[in-house]
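Enquirer: Line order of the protein sequences matches chains A and B.
So in my numbering, spot 50 of the first sequence is number 50, and the numbers just go up one at a time.
So in my numbering, spot 6 of the second sequence is number 262, and the numbers just go up one at a time.
Keep in mind that a hint or two might mislead.
[As the list claims (entries may be wrong)] Think about it this way: if two alpha-carbon atoms lie no more than 27 Å apart in a straight line, the pair counts; the simulated DSSO-like pairs of lysine-lysine are: (1) A:142 - A:199; (2) A:200 - B:621; (3) B:464 - B:504; (4) A:200 - B:299; (5) A:199 - B:504; (6) A:176 - A:200; (7) A:199 - B:451; (8) B:504 - B:359; (9) B:367 - B:451; (10) B:359 - B:370; (11) B:504 - B:310; (12) B:496 - B:310; (13) B:299 - B:621; (14) B:310 - B:367; (15) B:464 - B:609; (16) A:176 - A:45; (17) B:536 - A:176; (18) A:200 - B:609; (19) A:142 - A:45; (20) B:451 - B:370; (21) B:464 - A:200; (22) B:359 - B:634; (23) A:193 - B:621; (24) B:307 - B:258; (25) B:451 - B:464; (26) B:464 - A:199; (27) A:199 - B:609.
Hints were generated in silico from the structure; no laboratory data involved.
Just so we're clear, the structure is a prediction, and the values are computed from it rather than from any experiment.
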Amino acid sequence: MALDTDTFNLLLETVRRFVLERLIPREVEVVETNAIPDDVVREMKDLGLFGLSISEQHGGLGLTMEEEVRVVFELGRTSPAFRSVAGTNIGIGSQSIVIAGTPDQKAKYLPALASGELIGSFALTEPDAGSDAMALRTTARKDGDHYILNGTKRYITNAPIAGLFSVMARTAPERKANSISCFLVEAGTPGIKLGLPDKKMGQRGALTCDVIFEDCRVPAAALLGNEEGNGFRTAMQVLDKGASISLRFVSASPTA
Amino acid sequence: MKSLEHFDQSRNWTAEETLVIEQVTRIAADVLAPNAGGLDERKEFPWVNFKVLKEVGLNGIFVPEEYGGSPVSYRCLLEVVRLISEACASTGIIFGTTGAVAKPIQEFGTKLQKERFLPLIANGGLGAFAITEPHAGSDGSSIRTRFQPDGGDIVINGGKIFITTGDVADVVLVFGKWSELEDSSKAVSVVILEKGTPGFDVVRLESKMGANASSTAELAFTNCRIPRANLLGNPGDGMKIMVAVLNKSRPSVAAQALGIASGAFNDAVAYANERQQGGKRIIGHQAIAFMLADLAIELLSTRTLLDHVGRLVDEGVQDVSVEASMIKVKASDLAMRMTTDAVQVFGGHGYVKGHRVERLMREAKVTQIWEGTNQIQKHVISRDLMTR
Numbered sequence: 001m002a003l004d005t006d007t008f009n010l011l012l013e014t015v016r017r018f019v020l021e022r023l024i025p026r027e028v029e030v031v032e033t034n035a036i037p038d039d040v041v042r043e044m045k046d047l048g049l050f051g052l053s054i055s056e057q058h059g060g061l062g063l064t065m066e067e068e069v070r071v072v073f074e075l076g077r078t079s080p081a082f083r084s085v086a087g088t089n090i091g092i093g094s095q096s097i098v099i100a101g102t103p104d105q106k107a108k109y110l111p112a113l114a115s116g117e118l119i120g121s122f123a124l125t126e127p128d129a130g131s132d133a134m135a136l137r138t139t140a141r142k143d144g145d146h147y148i149l150n151g152t153k154r155y156i157t158n159a160p161i162a163g164l165f166s167v168m169a170r171t172a173p174e175r176k177a178n179s180i181s182c183f184l185v186e187a188g189t190p191g192i193k194l195g196l197p198d199k200k201m202g203q204r205g206a207l208t209c210d211v212i213f214e215d216c217r218v219p220a221a222a223l224l225g226n227e228e229g230n231g232f233r234t235a236m237q238v239l240d241k242g243a244s245i246s247l248r249f250v251s252a253s254p255t256a
Numbered sequence: 257m258k259s260l261e262h263f264d265q266s267r268n269w270t271a272e273e274t275l276v277i278e279q280v281t282r283i284a285a286d287v288l289a290p291n292a293g294g295l296d297e298r299k300e301f302p303w304v305n306f307k308v309l310k311e312v313g314l315n316g317i318f319v320p321e322e323y324g325g326s327p328v329s330y331r332c333l334l335e336v337v338r339l340i341s342e343a344c345a346s347t348g349i350i351f352g353t354t355g356a357v358a359k360p361i362q363e364f365g366t367k368l369q370k371e372r373f374l375p376l377i378a379n380g381g382l383g384a385f386a387i388t389e390p391h392a393g394s395d396g397s398s399i400r401t402r403f404q405p406d407g408g409d410i411v412i413n414g415g416k417i418f419i420t421t422g423d424v425a426d427v428v429l430v431f432g433k434w435s436e437l438e439d440s441s442k443a444v445s446v447v448i449l450e451k452g453t454p455g456f457d458v459v460r461l462e463s464k465m466g467a468n469a470s471s472t473a474e475l476a477f478t479n480c481r482i483p484r485a486n487l488l489g490n491p492g493d494g495m496k497i498m499v500a501v502l503n504k505s506r507p508s509v510a511a512q513a514l515g516i517a518s519g520a521f522n523d524a525v526a527y528a529n530e531r532q533q534g535g536k537r538i539i540g541h542q543a544i545a546f547m548l549a550d551l552a553i554e555l556l557s558t559r560t561l562l563d564h565v566g567r568l569v570d571e572g573v574q575d576v577s578v579e580a581s582m583i584k585v586k587a588s589d590l591a592m593r594m595t596t597d598a599v600q601v602f603g604g605h606g607y608v609k610g611h612r613v614e615r616l617m618r619e620a621k622v623t624q625i626w627e628g629t630n631q632i633q634k635h636v637i638s639r640d641l642m643t644r
């Protein structure tokens, strides 16, 4: 649902001022502490930055792709870490639910993701499945009205602070798209372990780590869209949308 | 890797040079490479490495025999710098800089100066070059540090920035303007300043993108008094000395950059042969294979060019300024390209700390900047192309 021009321009102006007055002055602090300050995160939530791409019906701003891109472009004028903390909620951490979630799953998680109360992460990559995502090995075995997850995910953005993981796991052995399903797993579910945050060359303040599933039992209701085998397709759709992430670096360059 | 094997076999080292290179190769593998990551992480000066280099007397390659050295050909010196730098870029630049300090003392020094400072370096002393000032980088002749003659002394006032090893060097070659000469490039002169001289202070050390084990110091001179006997050459000889130094130090800096590139290349090839995606080793995917092929061509051509420059110097060619600039540009641009592509080959694993390519990429950038930015190098090269 697109905003009318005046309202949208007001939003852009507000974000622009926010970046200039509130984010840029805190960049050094982010590098030194490798974290985003709590008060900044609160202000981002108040501005609705966590819900750019979630519909108004579910508590978000419901921006079109073009509008979302233009807002993200503004966020790009400062450290990528600021965008990253809201980035997974705007993008890969929420869109699998937006694209393929059941009405119940949408009602349960989207409002909290939109407000930023819940941080979402997207768990696809594994140590042996990078560019070749189809090679993923995390399994989800059906057991009565539960699934049991086993496997390791790597370099998962925002995992150290996430409340919800969209996990791509294998429900069939054949190397085919419809062997992979997506599960909405809440943090704190027994059987989830987090690795230490990765030490990286740059992007200080943007946190990634391993997410390890050891006989992690999730209810059948966690299966995205209540349908096995849509995980890979959904993941690819989510990533296509998420390619707009590169735009923030276009706006980053003029300030160099 | 046939092309590099053939190249190594073609170098025709003497028996002595072969021994030196074998020894350096062993030290690089056993000591320098294992220490490199930790020293960079802790921003710690590599004393642990220089202790070993001192024990084997490696600084001797910079000094003539009569002053306690064991010199090798310039080609061999460049190979030593490259091997050290491949294992630890910070150690490489500190080592190379010391060599660059020994050369002008050898070429322009009085007998007394040579007797005093060359054995010090041969025995493991470290050197630093102090030219750059806040407003005088590429424009070296606009330095403001003053040398005031005063009886049998010279009094130094001024400051320097970005001085590699400036905080701990035993011998610092300081460039400044002789107060009694007209303030222009004609006044630039050079003095030899020893560590611990009163009035010579280390103001601070920089925090850098990379080469973090190499200290980069801001220096201050406040009525710093040194004997007139520490003047190198005559008042006003500074620019002549600077040019002579750069002709020998630029290829050395190129060798250091080439070391970084060599390390990154080896790592990328090894990883591409090991990492599997899509059912095969990633070197079996054309996108990666052709990237590595391009880099292999660049690496061999750059090593060949460095060998050529070294050979010219060994054959006694006086003015190698154009070639020195060329190899500096080529090797440093290759280091940046190679390390960037190596991180790309490693994917996510190349961005996180763990594999050394992350550190190599951070180290490569400065090689395009120091010792004369690549823009200044191209100024030298293109000036040579201009007809009168």
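Enquirer: Each of the hints needs a verdict: does it hold here or not?
Expert: Against the structure, the hints come out as follows:
With a C-alpha separation of about 36 Å, the suggested pair residue 142 of chain A and residue 199 of chain A falls outside the 27 Å cut-off, and the hint is violated. Restraint check: the Cα-Cα separation between residue 200 of chain A and residue 621 of chain B comes to about 17 Å, which is no more than 27 Å; the hinted pair holds. Of the supplied pair hints, the one linking residue 464 of chain B and residue 504 of chain B holds, its CA atoms being roughly 26 Å apart against a limit of 27 Å. Pair hint residue 200 of chain A plus residue 299 of chain B holds up; C-alpha atoms about 17 Å apart against a cutoff of 27 Å.
Proposed proximity of residue 199 of chain A and residue 504 of chain B is contradicted: the alpha carbons are some 39 Å apart, above 27 Å. With a C-alpha separation of about 33 Å, the suggested pairing of residue 176 of chain A with residue 200 of chain A is violated against the 27 Å cut-off. Between the alpha carbons of residue 199 of chain A and residue 451 of chain B the distance comes to roughly 38 Å, so the proposed pair goes past 27 Å and is violated. At roughly 8 Å between alpha-carbon atoms, residue 504 of chain B and residue 359 of chain B fall within 27 Å of each other, so this suggested pair holds.
The suggested pairing of residue 367 of chain B with residue 451 of chain B holds, with an alpha-carbon distance near 21 Å, which does not exceed 27 Å. For a cut-off of 27 Å, the pair hint linking residue 359 of chain B to residue 370 of chain B stands: about 10 Å separates their Cα positions. Among the hinted pairs, residue 504 of chain B with residue 310 of chain B is consistent with the structure: their alpha-carbon atoms are about 22 Å apart, no more than 27 Å. Our distance criterion of 27 Å between C-alpha atoms is broken by residue 496 of chain B and residue 310 of chain B, whose separation comes to about 31 Å.
At most 27 Å may separate the alpha-carbon atoms for a hinted pair to count; residue 299 of chain B and residue 621 of chain B meet this at roughly 17 Å. Taking the CA atoms of residue 310 of chain B and residue 367 of chain B, the gap is about 25 Å. The hint holds against a cut of 27 Å. In summary, the hint linking residue 464 of chain B to residue 609 of chain B is supported, as the alpha carbons are separated by about 17 Å, within the 27 Å threshold. Taken as a hint, the residue 176 of chain A and residue 45 of chain A pair is broken in the structure, with Cα atoms around 39 Å apart against an allowance of 27 Å.
Straight-line distance between C-alpha atoms of residue 536 of chain B and residue 176 of chain A comes to about 17 Å, which keeps the hinted pair within the 27 Å bound. At most 27 Å may separate the alpha-carbon atoms for a hinted pair to count; residue 200 of chain A and residue 609 of chain B meet this at roughly 5 Å. Between residue 142 of chain A and residue 45 of chain A the CA atoms are separated by roughly 37 Å; this puts the pair beyond 27 Å, and the hint is violated. A C-alpha spacing of about 17 Å is found between residue 451 of chain B and residue 370 of chain B, which places the hinted pair at or below 27 Å, so the restraint holds.
Straight-line distance between C-alpha atoms of residue 464 of chain B and residue 200 of chain A comes to about 16 Å, which keeps the hinted pair within the 27 Å bound. Straight-line distance between C-alpha atoms of residue 359 of chain B and residue 634 of chain B comes to about 24 Å, which keeps the hinted pair within the 27 Å bound. Among the hinted pairs, residue 193 of chain A with residue 621 of chain B is inconsistent with the structure: their alpha-carbon atoms are about 38 Å apart, more than 27 Å. Taking the CA atoms of residue 307 of chain B and residue 258 of chain B, the gap is about 35 Å. The hint is violated against a cut of 27 Å.
Proposed proximity of residue 451 of chain B and residue 464 of chain B is supported: the alpha carbons are some 24 Å apart, at most 27 Å. A distance of roughly 17 Å separates the Cα atoms of residue 464 of chain B and residue 199 of chain A; the hinted pair therefore holds under the 27 Å criterion. The hinted pair formed by residue 199 of chain A and residue 609 of chain B meets the criterion: a straight-line CA distance of about 6 Å does not exceed 27 Å.
Going down the numbered hints, you'll see the structure goes against 1, 5, 6, 7, 12, 16, 19, 23 and 24, while the others check out.
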